[in-house]
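Just so we're aligned: the sequence shown equals residues 2 to 122 in the numbering used here.
Keep in mind the hints are simulated off the structure, nothing from the lab. We put the beta carbon where it would ideally sit given N, CA and C, even for glycine. Some hints here could point you the wrong way.
As the list claims (entries may be wrong) - Computed spacing ranges between beta-carbons, pair by pair:
(1) R88 / P115: 13 to 21 Å
(2) Q28 / R62: 26 to 34 Å
(3) H51 / G29: 19 to 27 Å
(4) D85 / A26: 30 to 38 Å
(5) D52 / A26: 16 to 24 Å
(6) H51 / P115: 35 to 43 Å
(7) D52 / Q28: 31 to 39 Å
(8) E101 / E19: 13 to 21 Å
(9) R58 / P115: 32 to 40 Å
(10) D40 / D103: 18 to 26 Å
(11) A26 / A72: 16 to 24 Å
(12) P115 / T50: 34 to 42 Å
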Amino acid sequence: MNVHLRMLGCRLNQAEIERMGRQLAAQGHTVVDDVALADQIVVNTCAVTHDAVRGSRKLVRQLHRTNPAAAITVTGCYAQLEPDALRTLPGVARVVDNQEKDSLVETLTGRALPDYDLEPV
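Please model the entire structure based on the sequences and the hints provided.
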């Protein structure tokens, strides 16, 4: 499966999306830079400001326009605050709240991750 990963916001969002990329690669999936090649898209959103919320919605719409066949999974702070609003956006297949973010890759792929995920600090 080809997966495109995007994020908005803080360093935590960046670290989380990088971890998801490593987990997907470890399962044999390909993380692609070109959204047009993706089967799945994961967006880690931000909601710290009104502009961040608007940017999160805009990014989801842009990604869907670029690749309408890809299923979009949205997580992050905006997904936590406004899950119903996100579900109405075209292309959004699932909204994952922050409490479930650690199992997002398992949900996306249907394959369990190892019980441990040792990464260098």
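Quick check: does the Cβ-Cβ distance between H51 and P115 fall within 35 to 43 Å? 40 Å, holds
Range hint compliance [Cβ, D85 to A26, 30 to 38 Å]: 32 Å, holds
Given the range 16 to 24 Å, decide if the beta-carbon distance of A26 to A72 lies inside it. 19 Å, holds
Does the Cβ-Cβ separation between Q28 and R62 fall within 26 to 34 Å? 29 Å, holds
Distance restraint hint 19 to 27 Å, applied to the beta-carbon atoms of H51 and G29: At 40 Å between Cβs, range violated.
Between P115 and T50, does the beta-carbon spacing fit 34 to 42 Å? 37 Å, holds
Do the Cβ positions of D52 and A26 conform to the proposed distance bound of 16 to 24 Å? 32 Å, violated
13 to 21 Å was suggested as the range; check whether the CB atoms of E101 and E19 agree with it. 19 Å, holds
A range of 31 to 39 Å was offered for this pair. Does it hold for the Cβ distance of D52 and Q28? 35 Å, holds
Verdict for R88, P115 (Cβ pair) under range 13 to 21 Å: Given range 13 to 21 Å: violated, Cβ gap about 31 Å.
Hint check for P115 and R58 - Cβ pair distance inside 32 to 40 Å: 35 Å, holds
Please check whether D40 and D103 have a Cβ separation lying inside 18 to 26 Å. 22 Å, holds
When the structure is compared with the earlier hints, violations turn up for hints 1, 3, 5 and for no others.
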